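Novice: The lines below spell out each chain.
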Amino acid sequence: MSIHDPQAPPEVRLDAETESQADLTKEIRAIHRAYRDARTGDVDAAGPEETGPVRDFAPYRSSLLRHPTKDLHHADPETIELFSPVFGERDIGPLEADLTVQHGGEPIGERIVVAGRVVDGAGRPVRGQLVEVWQANAGGRYLHKRDQHPAPIDPNFTGVGRVLTDDDGWYRFTTIKPGPYPWKNHVNAWRPAHIHFSLFGTDFTQRTVTQMYFPGDPLFALDPIYQSIRDPRARDRLVAVYDHALTTHEWATGYRWDIVLSGSSRTWTEPEDGDE
Amino acid sequence: MSDAMLRPTPGQTVGPFFGYALPYERGNELVEPGTPGAVRLHGRVLDGAGRPVPDAMLELWQADPSGAVVQRSGAIWRDGTFTGWGRAATDREGGWWFRTLEPGPTTPSPSGPRRPAMFAVAVFARGLTDRLFTRIYLPDDGGPDRAAALAADPLLAALEPERRATLMATREPDGSLGFDVRLQGEGETVFLDLGKGTPGHAVPDPLSDSAHGIVRGSAAGPPSDPLELADPSGAVVTPPVEPVETTPPVALRQAQDPLGETRA
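For the protein sequence lines, the chains are F and B, in the order given. Each residue of the first sequence is one higher than the last, beginning at 1 in the numbering used here. Each residue of the second sequence is one higher than the last, beginning at 1 in the numbering used here.
FYI, nobody ran anything at the bench for these hints, they're computed from the structure. The structure presented is a predicted model; accordingly, all values stated were derived computationally and were not measured. Note that beta-carbon positions come from the ideal geometry of N, C-alpha and C, so glycine has one too. Warning: the hint list may mix true and false statements.
[Claimed, not checked] Partner residues are not named here, just some residues of chain B that face chain F (Cβ under 10 angstroms, in silico):
no. : residue
1   : Pro8
2   : Trp97
3   : Arg131
4   : Ala158
5   : Met168
[Unchecked claim] Not the full set, but computed from the structure, chain B residues with beta-carbon under 10 angstroms of chain F:
no. : residue
6   : Pro16
7   : Val39
8   : Arg40
9   : Arg44
10  : Pro65
11  : Thr83
12  : Pro113
13  : Ser176
14  : Ile214
Excised from the complex, chain F in its bound form:
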């Protein structure tokens, strides 16, 4: 549902045609201030440090009618939820980790390597597990029929990849640095450049989908999706670091992004031995 969908109920038919970035930024700051203030007072009274986004985050307008209003109900994981599906070499192709070789020619843009480790809350590698990515091209255009951004399609770039982590939890993709792109949350809304990641752990409870960002993006403070995570340390964990050791001579620059999946429920009684 678009927020300027004329069929939307009046309370969410916000005027994205006139709502400014300044209005949005003000809203975001007020929500973050409330979180910060609650945590700088009485430590005992402060809520736990948030490690993810809040579900009800009004500046991200698409969330208004789509977030649950009731608290999540705690349930102990059942047997099936303590396991993950298994993926194997036959589930993915050997070229799927290189997004620059999937067509007849070279895609336009800055060739990069993105690599890192997937570990659980105790620092143990998540082995042989599926990592999926998708992203816009260098011009900020997705190869999706609903992306109407008038930036060029790159016939040599689809922007979809898959890989299995190795025995030490490492994944590695070769791709093109995506561009930022405009969207319709409000007037002059732009997403910081990002790569979508889909991840599995050892438990179904660790299943997550997230976005990796690039260091120093000037759009961070303006973006209601990135800012739906109120804790600044948690937000920082979505930003890759430039890593010259991953950069290859006359070929590609390198970014390192390590991923920590939530503490595996089924191992909660075990000693924490792998903290790196």
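Following the hints, position chain B against chain F.
Specialist: Just chain B, lined up with the frame of chain F:
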């Protein structure tokens, strides 16, 4: 979870454009048509105004009909091997469906009571800042054992009847299973925080296959009847692991004609 644990990487919305990347051919077909015991599990995803959500995605993760957890690759390759996992994007009317087998009840500990049969589900959508977990329980039409297991389930027992009903599949006249995901408002689905074990709750040892009748292996051989793979005694069933000889094509399944895609 203690402070010694690493802090997790936050989730983010799946956004509007996952549709050309995550869904894949037959991702929602855990079994082939005509498989004995195949059932259609279907429903819609609805927002707080009761309107369909056309850009959502569900993932299904389940035990096999004997209640065994399947640990076998091939959920993307889809050669007929039952892997217990599937993925379905919603259509323009918010609809989704899976063709699968009804899971059997699981047993948290060898001597403990059986849990009612259910599907574990993850929900993703544009506008959801993070994924949601829920469960789809099989309805109370499987005999006295199933009714007793449902009545004894700790999650279901903790919910008001109205809330509990949001987790129950409905048996349709054609034998299929119906289930709507309501993200917000009246009839809002119960979404779960599965994050922590609670002291006193017996967390099964995942390393012990025999505790759960784990079915392992990555048999790339001929399609097998999943009903025959699980040993009803709960013993480990390990099909022979055969060398992988085939390689699926590069995943360009929905975007082989980039210019055509964007003209649509």
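Novice: Hint by hint, note whether the structure agrees.
Specialist: Comparing the hints with the structure gives:
1. Taken as an interface hint, proline 8 of chain B checks out: its beta carbon lies about 4 angstroms from the nearest beta carbon of chain F, inside 10 angstroms.
2. Contact between tryptophan 97 of chain B and chain F, as hinted, is not supported at the beta carbon level, the nearest pair being about 19 angstroms apart and thus beyond 10 angstroms.
3. A cut of 10 angstroms between beta carbons decides the hint on arginine 131 of chain B: the least distance to chain F is about 6 angstroms, and the hint holds.
4. Taking 10 angstroms as the C-beta cut-off, the interface hint given for alanine 158 of chain B holds, the closest approach to chain F being about 8 angstroms.
5. This hint is violated: methionine 168 of chain B has a C-beta 15 angstroms from the nearest C-beta of chain F, more than the 10 angstroms allowed.
6. Residue-level restraint check for proline 16 of chain B holds (minimum Cβ-Cβ distance to chain F is 6 angstroms; threshold 10 angstroms).
7. Taking 10 angstroms as the C-beta cut-off, the interface hint given for valine 39 of chain B is violated, the closest approach to chain F being about 17 angstroms.
8. Against a cut-off of 10 angstroms between C-beta atoms, the interface hint on arginine 40 of chain B is violated, since the closest Cβ of chain F lies about 20 angstroms away.
9. At a threshold of 10 angstroms, the smallest CB-CB gap from arginine 44 of chain B to chain F is about 14 angstroms, leaving the interface hint violated.
10. Annotation: interface hint on proline 65 of chain B violated; nearest CB of chain F at approximately 13 angstroms, more than 10 angstroms.
11. Hint status for threonine 83 of chain B relative to chain F: holds, with the closest Cβ pair at about 6 angstroms, below 10 angstroms.
12. For the restraint placing proline 113 of chain B at the interface with chain F, the shortest Cβ-Cβ distance is roughly 12 angstroms, beyond the 10 angstroms limit, so the hint is violated.
13. This hint is violated: serine 176 of chain B has a C-beta 21 angstroms from the nearest C-beta of chain F, more than the 10 angstroms allowed.
14. Satisfaction of the interface hint for isoleucine 214 of chain B is found here, the shortest Cβ-Cβ separation to chain F being roughly 8 angstroms, below the 10 angstroms cut-off.
Comparing the model with each numbered hint stated earlier shows that hints 2, 5, 7, 8, 9, 10, 12, 13 do not hold.
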